[in-house]
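J.: Below are the chains, spelled out letter by letter.
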Amino acid sequence: MRSTRTIDISTGLFVLLGFAAILFMVTQITNRGYSLKSDSYRLTASFENIGGLKTGAPVSMAGVTIGRVEDIQYDMQLYKAIVTMRISDKYRAIPNDSDASIYTAGLLGGQYIGLTPGGSDVPYKDGEQVIMANDAIVLENLISKYLFNSAATKPGESTPAPAPAAQE
Amino acid sequence: MITILREFVQSFLTFLERVGLLVRFALRLAAILPTGMLRPRPIIEQVYNTGAMSLVIIMTCGLFIGMVLGLQGYDLLTRFGSEEYLGTATAISLLRELGPVVTALLFAGRAGTALAAELGLMRATDQIAAMEIMAVDPMRRVVLPRFLGGVIAMPLLVSIFIVVALFGAQLVGVEFFGVDSGSYWSQMRSAVELSDIREGLVKGLVFGVACSLIAVYEGYNAVPTAEGVGRATTRTVVISAVVTLILDYILTALML
Numbered sequence: 001m002r003s004t005r006t007i008d009i010s011t012g013l014f015v016l017l018g019f020a021a022i023l024f025m026v027t028q029i030t031n032r033g034y035s036l037k038s039d040s041y042r043l044t045a046s047f048e049n050i051g052g053l054k055t056g057a058p059v060s061m062a063g064v065t066i067g068r069v070e071d072i073q074y075d076m077q078l079y080k081a082i083v084t085m086r087i088s089d090k091y092r093a094i095p096n097d098s099d100a101s102i103y104t105a106g107l108l109g110g111q112y113i114g115l116t117p118g119g120s121d122v123p124y125k126d127g128e129q130v131i132m133a134n135d136a137i138v139l140e141n142l143i144s145k146y147l148f149n150s151a152a153t154k155p156g157e158s159t160p161a162p163a164p165a166a167q168e
Numbered sequence: 169m170i171t172i173l174r175e176f177v178q179s180f181l182t183f184l185e186r187v188g189l190l191v192r193f194a195l196r197l198a199a200i201l202p203t204g205m206l207r208p209r210p211i212i213e214q215v216y217n218t219g220a221m222s223l224v225i226i227m228t229c230g231l232f233i234g235m236v237l238g239l240q241g242y243d244l245l246t247r248f249g250s251e252e253y254l255g256t257a258t259a260i261s262l263l264r265e266l267g268p269v270v271t272a273l274l275f276a277g278r279a280g281t282a283l284a285a286e287l288g289l290m291r292a293t294d295q296i297a298a299m300e301i302m303a304v305d306p307m308r309r310v311v312l313p314r315f316l317g318g319v320i321a322m323p324l325l326v327s328i329f330i331v332v333a334l335f336g337a338q339l340v341g342v343e344f345f346g347v348d349s350g351s352y353w354s355q356m357r358s359a360v361e362l363s364d365i366r367e368g369l370v371k372g373l374v375f376g377v378a379c380s381l382i383a384v385y386e387g388y389n390a391v392p393t394a395e396g397v398g399r400a401t402t403r404t405v406v407i408s409a410v411v412t413l414i415l416d417y418i419l420t421a422l423m424l
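Taken in order, these protein sequences are the chains called A and B.
Counting from 1, one number per residue, gives the positions in the first sequence under this note's numbering.
Counting from 169, one number per residue, gives the positions in the second sequence under this note's numbering.
Hints should not be assumed to be uniformly reliable.
Said to hold, decoys possible - Simulated coverage check for chain A against chain B, where a stretch passes if three residues somewhere in it have a Cβ under 8 Å from a Cβ of chain B: (1) 15-29; (2) 54-67; (3) 114-120.
Keep in mind the hints are simulated off the structure, nothing from the lab.
Virtual Cβ for every residue (Gly too), placed ideally from N, Cα, C.
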């Protein structure tokens, strides 16, 4: 028989571990949780349509993840979605004319924001807004445009912006 | 033909009798529950015996279940090009089904058998009869703390199992196969609801009650021979497993 002290300590450890696990489940794997933050700064961008972008989605440059989407709000004055991105402090020197676009990982995968660097010498400051923001490509819009053959005749304001790779 | 039929009826009646006895046993436990709580010392010892001692096996199995989920999930999801959903798939299957059920099966094998063998041996060596002679209620002194220890330990074991398994799946999916770690956790976060966690914990609690009850019942009512103790241990595992899976379906249907 072990001493009562050992039993008490192990039981305490076990119960503590159990409650820590419950706490982890409640805060870390549901959407009402709190994420652990590291050294970083914020950028915002406003989009006409963000498609299926969600908080926590990656922000990448040339395919390398440099940050996360922290917050998505709808602005009632602009009628636009305001996306707040948290970029790691390692990537401080992003030119302040870089543009942001929403891409899809794979055909049906999750969406992420891609930043394409511009030519400016001045980097973005904390809290600054990305001026050039290209919307998500909504598959249904593309299909309906193709079906009704109006994409070619009306390249108007409602056309979702094509991927920047196609523009260049 | 008639003898077969008679035997069938006989075994069915035996089954009904056992169910009735189990219910009576459970009611007796419930009746002494409030006064039994006044002595926390033996309950803590049993939480140690059933919970803390099962920790290593629970964590090892959780890790490997998680790794298998990561492997299988990744293989399946890459066919649709949507491996970002690995976190969602793993978390939901673990929270709702695999966590509580596998933990209950392991619990029956690790803690349930220990309980049944201990109580059966106490019965076989007349320790329980000795207590009755000394006017100590063995139900209150021996059975209830063991039952409560299992009930308390089970939901905690389920949570630990699930969290360890999530990291096991992350190990395979993110570290080995290169799924984006942000996608893994954020897709999980956006899909998992608090009700999923509640479902897992409620299942854990119910399975804990069922498995502990079966273990202490089989041990306490074991035939007082070496063979009887062995049979009680076997029955504990078999009945616990079957009851867990049946209850799992009922609970899922109720909470979905």
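J.: Go through the numbered hints given earlier and state which of them the structure violates, listing their numbers in rising order.
T.: 3
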